[in-house]
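Visitor: First to last, the protein sequences are chains E and H.
Here the first sequence is numbered in the working numbering, starting from 1 and rising by one per residue.
Here the second sequence is numbered in the working numbering, starting from 1 and rising by one per residue.
By construction, these hints were calculated from the structure, which means they are not laboratory data.
Just so you know, not all the hints are guaranteed correct.
Claimed, not checked - Below are the DMTMM-like pairs computed for lysine to aspartate or glutamate, each with C-alpha atoms no more than 25 Å apart in a straight line: (1) H:3 <-> H:54; (2) H:59 <-> E:53; (3) H:3 <-> E:85; (4) H:101 <-> H:39; (5) H:59 <-> H:15; (6) H:17 <-> E:75; (7) H:55 <-> E:52; (8) H:101 <-> E:54; (9) H:57 <-> H:39; (10) H:3 <-> E:84; (11) H:71 <-> H:5; (12) E:13 <-> E:84; (13) H:101 <-> E:75; (14) H:101 <-> E:52; (15) H:3 <-> H:15; (16) H:57 <-> H:67; (17) E:13 <-> E:85; (18) H:17 <-> H:52.
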Amino acid sequence: ETGVTQSPTHLIKTRGQQVTLRCSSQSGHNTVSWYQQALGQGPQFIFQYYREEENGRGNFPPRFSGLQFPNYSSELNVNALELDDSALYLCASSSTGTFTFGSGTRLTVV
Amino acid sequence: SQKIEQNSEALNIQEGKTATLTCNYTNYSPAYLQWYRQDPGRGPVFLLLIRENEKEKRKERLKVTFDTTLKQSLFHITASQPADSATYLCALDASSGGYNKLIFGAGTRLAVHP
Chain E
1 ETGVTQSPTH
11 LIKTRGQQVT
21 LRCSSQSGHN
31 TVSWYQQALG
41 QGPQFIFQYY
51 REEENGRGNF
61 PPRFSGLQFP
71 NYSSELNVNA
81 LELDDSALYL
91 CASSSTGTFT
101 FGSGTRLTVV
Chain H
1 SQKIEQNSEA
11 LNIQEGKTAT
21 LTCNYTNYSP
31 AYLQWYRQDP
41 GRGPVFLLLI
51 RENEKEKRKE
61 RLKVTFDTTL
71 KQSLFHITAS
81 QPADSATYLC
91 ALDASSGGYN
101 KLIFGAGTRL
111 AVHP
């Protein structure tokens with residue numbers, strides 16, 4: 001079985017720009033969650049998608065949005081990037097309550 | 001608000017000894033708790049899950065305890081090896097309204113020295 005794959009691995013963007021991060025979930029997992037991990041901190045829940053709909057959201061502003069596709073892959077979009085958005089963005093897929101994480105996308109906003 | 005605390009200082013131990021990591025939480029009653037390992041630049045890797053009605057769980061050299069009265073979980077690695085060096089994250093189930101959500105601690109960095 002394949003794990004969770006994320007792309008790109010690293011990204012540098014300028015403040016005010018928009019970014020799209022991608023995630024392919026583990027085979028058989030129909031739920032995808034996105035987490036933001038700042039340096040030295042634990043991951044923070046952004047939102048979760050199930051059956052192509054957002055069914056849960058953490059304390060993140062609307063400029064963080066997402067999509068889930070019929071094959072359960074997912075995208076995270078962030079508009080109007082701010083310097084504080086610099087972090088490791090993790091995608092996790094699940095089916096029974098335990099999570100399989102990807103290696104993440106390291107986003108740097110300058 | 002919900003709060004999770006893990007040892008903020010790095011834990012340095014000698015190879016072969018038992019490493020014990022602590023996770024304390026407040027203002028919450030999770031149905032289960034999970035431990036993850038994270039290596040630099042990588043995503044967390046699931047290690048163990050323990051439910052609120054379980055006192056202890058074991059997997060090979062790993063042992064987790066869960067005390068819902070003290071609101072604390074202990075994570076033990078016996079016969080530690082340099083390859084066990086990593087950051088270990090405690091995560092509480094905060095599922096609500098039909099979706100699964102984890103709240104993570106900041107993690108404890110473990111360094112096992114030969």
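Visitor: Of the hints given before, which are not true for this structure?
Guide: Violated hints: 2, 6, 7, 15 and 18; rest satisfied.
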